[in-house]
Each structure stands twice: as structure tokens, then as C-alpha cells.
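So the chains spell out like this:
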Amino acid sequence: MTVMRALSVSEITLNAGAHVSRIRRWIALLALALLAAGARADAPVTPGLTFNGFGTLGLVHSSEDQADFVASTLKPSGAGHTRSWSGHVDSVIGAQLTATLTPRLSAVVQVVAEQNYDNSYRPLVEWANVRYQVTPGFDVRIGRIVLPAFMVSDYRKVGYINPWVRPPLELYSLIPVESSDGVDARYRVTVGEITHTFLGIYGRTETRIPGDSKVQAKGAGMITYTAELGATTLRAAYSRADLTVEAFNPLFDAFRQFGPEGIAIADRYDLDDKRITFIALGGMYDPGKWFVRGEWGQSDTNSVLGKATAWYVSGGYRLGDFTPYVTYARRKVASNTADPGLTVAALPPFLAGPAAGLNAALNATLGSAPAQQTLSLGGRWDFASNAALKLQFDHTRHDAGSAGLLSNQQPGFRTGGKVNVFSATIDFVF
Amino acid sequence: MKRLPVMVRNGLALIGLLMSLGAGAQAKDVVAVVSIESPVTTLSRNQTVDIFLGRSKRFPDGSQAVPIDQAEGSVARDVFYANFAGMTAAQVKTHWSKIIFTGRGLPPRALPSGKEVIRLVADNPNAIGYVEPDVVDDTVRVLVVR
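Top line first, the protein sequences correspond to chains A and B. Residue numbering for the first sequence follows our numbering, starting at 1 and increasing by one per position. Residue numbering for the second sequence follows our numbering, starting at 1001 and increasing by one per position.
A portion of the hints provided could be inaccurate.
Unchecked claim - Computed list of lysine-lysine pairs in DSSO-like fashion (alpha-carbon distance at most 27 Å, straight line):
1) A:Lys307 x A:Lys332
2) A:Lys214 x A:Lys307
3) A:Lys418 x A:Lys332
4) B:Lys1115 x B:Lys1028
5) A:Lys289 x B:Lys1098
6) B:Lys1028 x A:Lys289
For the record, the hints were derived by calculation from the structure and aren't laboratory data.
In isolation and in its complexed conformation, chain A is listed as follows:
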């Protein structure tokens, strides 16, 4: 039950939970690629290995002590209930090795350590792929690739790149962590003044989530289109996958015991190889002195996790090394949050009790769909050429009946409330 309550649309995650065996396989693949490339080194550029790294040291305080503020629902605990001030919410360290083999062939491995679903900081492989530049405008990659669901998804963990402490949760939680094991292809062409970029990705993934459970996405495909003209960027993305969330199987297996009515409910709400779709639109204008950006997204899970829409607008002004910014973000439920379930009155007394229990479980999950809005005020100070200090204040209001994106709700927690969150981070790259 707790597992199911903890699940929300936001757990439709396409991240790879990196099993050790899989990491080994990728490393072996990369090693082979390195050897293969070394054998036919026709490179006029010097082949070589380059090391880069990034990190964030963060501290977060939440005014709500009956639940945890988390930056991703994959995180088992956060700020508020578990700790008044938590260093786990945003802290992360990443290291990357780039192998330039020939001017056309390169390989990259990026390992990231942050709070995992099981509270460990065991490093996971975020990226591991081999890239071949077919023409100056066209390249293909094979391996582990982070899905660019939103504008900053594929570098969301590198705080230094982003103006905020973290990308707006309302939108980015629709698909919080996204990497896929497969292939991608990108084509870039400049026509007149406009640069068009087309990207297609296909792969599969498996993610571990709190409560010792798994989320699997098969046939995960995504296409994105980006247009750039001077300081303006516009972007659209569409993706789909066949999603399985094992934690829900027992509930719907139980529904199926109740004949045609139960089977119909299970077919409608279960998450066993269910087709999910996702659309995102985004725009940004950044002439240098200031910026404004906004994104809108919708995920439809065709299941108990429902359909959700979210958007944000954000703007900032650069005063030398100091950039104050403001963001408003909204997330809404676009599907039913309750269902009559099984007709209990029509059942014999010995089945009425279990049926009512199943109805309650189904409605608890439907009703826990996150819906909230946040106004954020913050500032970024670029105090060194490779490091920035950020302070951010978030005021969040949960919709009536919703716990928003908070996790670990305690018995004393009240839905439909307000919460203030204060965050401080130092982001750096090296």
C-alpha cells in the first residue's frame, strides 16, 4: 500500500537503474570500440582521453515537517520530515571520461553519485555511448543516452549550467530521470538564419524505485525538433513507451478475480506493458543580458497514474556576476481522481469486504495525483569562472486533496496546504 501511495505519475521514469552486469557490458563494449578505433587510427587530430567533472553541494530546508521535500520521487527521503535541513536533496557529483578516437568517432562515459532509491550514494552510469559523426551535421550514438524530454533534461544534474537551483519540479517530475539504452541519431541543418535540429531515440530502460520495486520501459522512442534563430530557441518533443510498474500488479491481479467488472477495471488502470505518451513544447529567449523561458508538457499513462499537464515560465536578469530570477510553475491532473470501482452492493457479503478494500486502494492512488503551483524567487552568483552560488525560495500551494510532489507523508500531514522551501547550492564544473 505504501509503495502504491508513493507512486505517482512522476515515477514514470525512464532512467536506467544500472545493474552492475549492465555497466560491465557497456564498459566492455566501449573498450572494444576503443580497440577497434585504435586499430584504424586515421586521425589528423590527436586521439586522447579528456576528464571532466561537475558537482553540487546543496542544503535544503522545508517548512512542512510531516512530509519530505524531494527533488525527484526516486529519492527515498528529503527535507522536512526526515531532516529539517537536508544535504541530500540536490547534492551530486559526476565524473566523465571522453575518448576522442578519430575526428569522427568518440566515446563517453559519465558516472554520477547522488542519493539513490536505497539511500546509498553508489555511483551509477548516467551516460555510456559511442558516437559516430557521419557528416558534419549528422551523428549517431549507441549506448546509454539520457532522454532529452525537456529543454534541460539531458544536463539537469549539472547545476552549474542551469540558472535555477533545480529545474521546475512541476514539469520535470512528469518524467524525472531519463536515460535509455539504445540508439539515437541527430541531424542539424542551417537554412537561412535558422538552425533546425532533428533527434530520434529508441531504446529501453529499467529503474529501481523506493520500496524495492522496479519500473520498466520497453520500446521507448522519442523524437524532438529544435529551431534556433539568434537568441531564440523553440522546441517540441514527443515520446512513447510501453511501461510496466510491477508494484501495481498485485492490486490489479486481485481486481481480475472479480469477473468481467474487475477485469475491465484492471485493463483500464493496470501498468503492465501499458502504452504511455508524452508531449513537450518549450521556448527560450536569451540575448545575454537577460532571459525568459517557458515549457509545457503533458504525460498520459492510460493507467492508474493518470494524465497530467504542467508548465512554467521563468525569467532572469544578469547584473554582472549576479543573476536574480523568478519562476512560476503549475502542475495539474487532467484525468479522473476517483473511480466507483467494483459494485460492492452486488457482491455476496464475504466478497464485499475485500472488494471495498480494493476500491479504496485504487482511489487512494488516483486521489494522490500531484497537483500544485510554485512561485520561486532566487539568485545566482558566479563567484568564480567555474562555480556559482545559488539561493532559492519556493512557495508552493497544493491543490485541494493533493499532497503535491511531497513524499513520505506522515499521519499528521494535511493535503491541500502550503509549504515554503529554502535552498542553497554551490554548483561547480572542473
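Fit chain B to the supplied structure of chain A, relying on the hints for placement.
Then chain B, alone, in the frame of chain A:
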């Protein structure tokens, strides 16, 4: 344990930043240079910036372009990106961090002085660099930037 070295390093970086602010006060100019053997004589400001930011890998005539940067924190570098691209050092760093950490490339090779840029550019018809005007010699051609 991790925190202390980072803070120490950031402290040092801050001192470095303050020093570079002092040095940068004497506003300098830089010029874009190619080898005297390169056929390229002129580029637009945008074409130059696109080559240095990795957006374009070729000169307008189709030949390969290999940009050569100056070291991070150098006055020449800061002046180049400010004058040609309207970007601060932090914005350039952000631009490259995006490309590096999404596995899409690496920044240009950076050399510690204008003299070394001249030496490398002179020997490589595909290279393009930027230097302080007073280090230019007859082995390189100053590009007319439109």
C-alpha cells in the same frame, strides 16, 4: 571531507577573479588570425563565433576549421568572447558544459599565450586563433571581421 578542498579552491578562484577584474580594467582588443597559407581572408562575426563555440566545424569555403583558444582567465580570451559574442567567461563555460556533459563534444584546445597561438596557427592552414594585435607577425593573416 569533500567540502573543505572545494571551498579552498573556490576561495582561490575568487581571489583569481578579483585579480583578473583588475587586469581586465585596461580594455584591450584582439584580432582573429589564420595562417598566411590559409585561403580565408574574411569572416563575419557570427561565423567566427560559431567556429569557436563548436557550432560550425568549417570555414565558409568548406575547408575544416580548427579553433585555438587562449587559456581560461586570460585577458585575451575574455576580451574575445566579450567583443565577438557578447558573452562573459561564465556564459562560455556554461555553453561548453552543456556540450561536454551531454557527450556532444569538447572545447577547443587552449594555449597559454598569444605567441603560442601565432606559432600553432602559422603552421596549420586549418587553424584559427585570436591574439593581441601587438603579437601579430608575418606568419599569420589578420582576418577582416565584418
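Problem - Pair hint lysine 1115 (chain B) and lysine 1028 (chain B), alpha-carbon separation not exceeding 27 Å - result: Holds, at roughly 16 Å.
Handout entry: Proposed proximity, lysine 332 (chain A) with lysine 418 (chain A) (alpha carbon, max 27 Å)
Key = Distance ~16 Å between lysine 418 (chain A) and lysine 332 (chain A) Cα, so the pair holds.
Practice task
Please work out if lysine 214 (chain A) and lysine 307 (chain A) have their alpha carbons no farther apart than 27 Å.
Solution key: holds (21 Å)
Handout entry: Holds or violated: lysine 1028 (chain B) to lysine 289 (chain A), with C-alpha atoms at most 27 Å apart
Key = Status holds; Cα separation ~22 Å.
Exercise for the section: Take a quick look at whether lysine 289 (chain A) and lysine 1098 (chain B) sit within 27 Å of each other, Cα to Cα. Expected result: holds (19 Å)
Problem - Restraint check for lysine 307 (chain A) with lysine 332 (chain A), where alpha carbons must lie at most 27 Å apart - result: holds (9 Å)
The structure meets every hint from the earlier list without exception.
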